[in-house]
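> Each chain, written out:
There are 2 protein chains.
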Amino acid sequence: MNQPRLATKDDMPRVLELINELAVFEKEPDAVEVTLEMLESDGFGEHPKFTCFVVEVDNKVEGMALVYMRYSTWKGEALHLEDLIVSQSQRGKNIGTMLLDEVVKYGKSLGVKRISWEVLDWNEPAIKFYENKGAKVMRDWDVVQLNEKEIDNYLKEI
Amino acid sequence: MNQPRLATKDDMPRVLELINELAVFEKEPDAVEVTLEMLESDGFGEHPKFTCFVVEVDNKVEGMALVYMRYSTWKGEALHLEDLIVSQSQRGKNIGTMLLDEVVKYGKSLGVKRISWEVLDWNEPAIKFYENKGAKVMRDWDVVQLNEKEIDNYLKEI
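Same order as they appear, the protein sequences are chains A and B.
Going by the working numbering, the first sequence wraps up at 173, each residue one higher than the last.
Going by the working numbering, the second sequence wraps up at 173, each residue one higher than the last.
Incorrect hints may have been included.
In silico DSS-like cross-links for lysine-lysine, where the CA-CA straight-line distance does not exceed 30 Å [said to hold, decoys possible]:
1) B/Lys151 with A/Lys143
2) A/Lys24 with A/Lys42
3) A/Lys75 with A/Lys151
4) A/Lys64 with B/Lys24
5) A/Lys75 with A/Lys90
6) A/Lys151 with A/Lys123
7) A/Lys90 with A/Lys64
8) B/Lys143 with A/Lys151
9) B/Lys90 with A/Lys75
10) A/Lys90 with B/Lys75
11) B/Lys151 with A/Lys151
12) B/Lys128 with A/Lys64
13) A/Lys108 with A/Lys143
14) A/Lys123 with B/Lys143
15) A/Lys148 with B/Lys171
16) A/Lys64 with B/Lys120
17) B/Lys90 with A/Lys164
Chain B side only, calculated, beta carbon under 8 Å to chain A, not exhaustive [to be verified]:
18) Ala46
19) Val49
20) Glu52
21) Tyr83
22) Met84
23) Tyr86
24) Ser87
25) Trp89
26) Gly91
27) Glu92
28) Lys123
29) Val158
30) Glu165
31) Asn168
32) Leu170
These are calculated hints, taken from the structure and not from any lab test.
Backbone N, C-alpha and C define an ideal beta-carbon position, used for all residues, glycine too.
Generate the whole structure from the sequences, applying the supplied hints.
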């Protein structure tokens, strides 16, 4: 197993496979509208919209963490971990921890005052893992979303 | 009352007052580490880190909404509403709704497939308001954060 490294454009086909693998596991295979072309142009253009780390096992990418900057009105620039995925067949080998460590190191190198992510509130093993790492799980904050269709519906009503 | 408009650098002193007003109301006045200089340079440089809308009442900014782009591994670029603040003295005049409407229109104009924000799970009036607008309140997702000190502690342990 290799240490985490920055992803290159050439890793994006495999990264998209991991994204799809997780969506299938979560029984939402149709929810993935991201395409290889989007990942390649959004992540590797002049102004990248995200940064991606990957871990290889036997020369194959088996885990990835995707991050980008947010902006807190209290703390200024903050790093957000959008997704951390380890291939089903490679679980239990510490790859997730290696990737989270890498993300925290990256945040430190950027000098951010906050690193954030989201967790399912029934995922007690994950919550316990994060709390052991010293993170605050803010159970009283919920995520609100409008999807594409809901955006259109919203606009029709105003 | 004026319609929402894009904030300029000159609005930032008043925007920072609103940020502080809310932090005092939430009994966390010391949590605000953002400075006027940060807001001015981060929001109005060559690559702005956020976009801000404001509403004026009698030529004074009394409400603001601060947004930026995120990146969904399912949907690609997504718009996030970080903060929507209306001055205490100006509540109940529909300013919050005007700002949320403006944010959704802005998201539509950008062609994003998702607009997101966060809400306190005990804030039932807000949740009801968002749900009436067609938004999904994802009660099973929690926010996780590492602050500056927790980042250092995390790194000490690895």
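> Indicate, hint by hint, whether the structure satisfies it.
Quick rundown of the hints versus the structure:
no. : hint                   : result
1   : B/Lys151 with A/Lys143 : holds (27 Å)
2   : A/Lys24 with A/Lys42   : holds (28 Å)
3   : A/Lys75 with A/Lys151  : violated (33 Å)
4   : A/Lys64 with B/Lys24   : holds (24 Å)
5   : A/Lys75 with A/Lys90   : violated (38 Å)
6   : A/Lys151 with A/Lys123 : holds (17 Å)
7   : A/Lys90 with A/Lys64   : holds (20 Å)
8   : B/Lys143 with A/Lys151 : holds (27 Å)
9   : B/Lys90 with A/Lys75   : holds (25 Å)
10  : A/Lys90 with B/Lys75   : holds (25 Å)
11  : B/Lys151 with A/Lys151 : holds (24 Å)
12  : B/Lys128 with A/Lys64  : holds (15 Å)
13  : A/Lys108 with A/Lys143 : holds (18 Å)
14  : A/Lys123 with B/Lys143 : violated (38 Å)
15  : A/Lys148 with B/Lys171 : holds (10 Å)
16  : A/Lys64 with B/Lys120  : holds (22 Å)
17  : B/Lys90 with A/Lys164  : holds (13 Å)
18  : Ala46                  : holds (5 Å)
19  : Val49                  : holds (5 Å)
20  : Glu52                  : violated (10 Å)
21  : Tyr83                  : holds (5 Å)
22  : Met84                  : holds (7 Å)
23  : Tyr86                  : holds (4 Å)
24  : Ser87                  : holds (7 Å)
25  : Trp89                  : holds (5 Å)
26  : Gly91                  : holds (5 Å)
27  : Glu92                  : holds (6 Å)
28  : Lys123                 : holds (6 Å)
29  : Val158                 : holds (4 Å)
30  : Glu165                 : holds (5 Å)
31  : Asn168                 : holds (5 Å)
32  : Leu170                 : holds (6 Å)
This entry does not satisfy hints 3, 5, 14 and 20, going by the numbered hints stated previously.
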